Amino acid sequence: VLNKLFHMVQITEDLVRRRAEHNECQISTLEELSLHQQDIEKIEHLDKWCRDLKILYLQSNLIGKIENVGRLKKLEYLNLALNNIERVENLEGCESLAKLDLTVNFIGDILSLASLTGLVNLRELYLTGNPCAQFESYRDFVICTLPQLKYLDGEEISRSERIKAEQNYPFIYERTRQAQADWARQREVERQEAAERQREREKLKAAGAGLDEQFMQEKVPYTPESRIETHEFMQEKRRRENPEPEKPAPKQHPLFFPDGRPYNINESKLDFTLTDDEENNAYILDVAVFKHMDTSLIDCDVQPQYIRVTVKGRLLQLALPGEVRTDESSAVRSATTGHLLVTMPKAHGEPLRKSAASAAVAKPAAAVPPTTKTESQPRHAYLEVDESSRRGVVDLRVVPPEADKVSGGKNGGGFAGRSTAKTAVERPNSPGFVDDPDVPPLI
4 VLNKLFHMVQ
14 ITEDLVRRRA
24 EHNECQISTL
34 EELSLHQQDI
44 EKIEHLDKWC
54 RDLKILYLQS
64 NLIGKIENVG
74 RLKKLEYLNL
84 ALNNIERVEN
94 LEGCESLAKL
104 DLTVNFIGDI
114 LSLASLTGLV
124 NLRELYLTGN
134 PCAQFESYRD
144 FVICTLPQLK
154 YLDGEEISRS
164 ERIKAEQNYP
174 FIYERTRQAQ
184 ADWARQREVE
194 RQEAAERQRE
204 REKLKAAGAG
214 LDEQFMQEKV
224 PYTPESRIET
234 HEFMQEKRRR
244 ENPEPEKPAP
254 KQHPLFFPDG
264 RPYNINESKL
274 DFTLTDDEEN
284 NAYILDVAVF
294 KHMDTSLIDC
304 DVQPQYIRVT
314 VKGRLLQLAL
324 PGEVRTDESS
334 AVRSATTGHL
344 LVTMPKAHGE
354 PLRKSAASAA
364 VAKPAAAVPP
374 TTKTESQPRH
384 AYLEVDESSR
394 RGVVDLRVVP
404 PEADKVSGGK
414 NGGGFAGRST
424 AKTAVERPNS
434 PGFVDDPDVP
444 PLI
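The numbering used here applies: residue 4 is where the sequence shown begins, and numbers increase by one.
Source of the hints: derived by calculation from the structure; they are not laboratory data. The structure displayed is predicted, hence computed values, not measured ones. Please note: incorrect hints may appear among the correct ones.
[Said to hold, decoys possible] In silico BS3-like pairs for lysine-lysine, Cα to Cα no more than 30 Å straight-line: (1) Lys57 / Lys102; (2) Lys254 / Lys167; (3) Lys68 / Lys153; (4) Lys57 / Lys153; (5) Lys208 / Lys250; (6) Lys222 / Lys45; (7) Lys51 / Lys102; (8) Lys272 / Lys240; (9) Lys68 / Lys222; (10) Lys272 / Lys254; (11) Lys51 / Lys68; (12) Lys45 / Lys76; (13) Lys167 / Lys77; (14) Lys294 / Lys272; (15) Lys51 / Lys76; (16) Lys240 / Lys206; (17) Lys240 / Lys250; (18) Lys45 / Lys240; (19) Lys68 / Lys102; (20) Lys206 / Lys222; (21) Lys208 / Lys222; (22) Lys57 / Lys76; (23) Lys250 / Lys272; (24) Lys76 / Lys153; (25) Lys315 / Lys272; (26) Lys102 / Lys76; (27) Lys45 / Lys57; (28) Lys315 / Lys250; (29) Lys208 / Lys240; (30) Lys222 / Lys250; (31) Lys315 / Lys51; (32) Lys102 / Lys45; (33) Lys153 / Lys167; (34) Lys102 / Lys153; (35) Lys57 / Lys77; (36) Lys51 / Lys77; (37) Lys240 / Lys68; (38) Lys206 / Lys45; (39) Lys315 / Lys294; (40) Lys167 / Lys102.
Based on the sequences and whatever the hints tell you, model everything.
This is how it looks when you write it as structure tokens:
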């Protein structure tokens, strides 16, 4: 069993995509797929990956059972020629199946064809080269069992042929059932002989005897077991003649200097930033991890003198400028950018938050020069009226206090002189003036 599993070829997503180049490697919308001559031993995954398949080629493989195709509702043509199939089964769900090719298999259970009666669209069936095709009245039995068929083994089924087969169906069925029972007994003998040959071959192989010549000269019946034995023998011979070149072992890069100092290594080629946060007395490492990468693929290891971050098996190692406290270190990941932020408190020193804050307050006070008493006093400004105001034109200017000491202008001195010259002088009373309070004032 282990030997068989070792040589088993499975249907993988990569294999299907390589066979879907005509559909731009899109497998979900694939309608035609060819997997012939791939040494496949089991049909799997296609009913989940390729639900829209209409044509499927699986000929020239080692498939021993029809399975995992019941969900292919759109499948119209299935080719399983040259395989190891012994009975027809698990096709009831392929409701669109119109053509089924089972040429050169090992189908002896002809009664299993009754499972195809529900496929109303089935028109062509090929059973040439199977043990059941050697049964007497084989064709008449198939015609009666599957009345929807129009072609059997490439030959059209005539109306008269169908009528004759239906008239003799009870006799045909009994004779066919007896032939199948004889085949089943013979098949059991073949299985036992194949198991005995396998045991003898393993003994000779353990003794170191050459098996190539003996295997090629040995006469065995054509059975599913003999096909698998021949396939394994050819694979083993091919490996001996064309051995695969040994893959060079991956280089082991040293992680430390001879004196014990850690190297700086960045195998992942990721961008990173290592910051010395003096305010919090810690080192902060920011690694630009891909946003959609699963966190389970990231591993972080903080040591007193260095830090290691492993991303998908690739190492990022950095030597730290100083010793850190590993038990107080923390690693978080951003849900927005995906970056990894590792905070590593220093082993020595204290945070500078308080001293930095006080310095920030004292610095502006020292930078401002002391204010003098003269500057603290409010400044006065005066409104100057020009001589042109007499002509209806007013010139308004703000004159600073220093202008009081400056003389100038065509009108004479400064503002103080002009204001003194314009002050009204009271005229003296006349000699005969009498101040009579009863006289009303002049308006």
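Query raised in the report: Of the hints given before, which are not true for this structure?
Result: Hints 2, 8, 13, 30 are the ones this structure does not satisfy, whereas the remaining hints hold.
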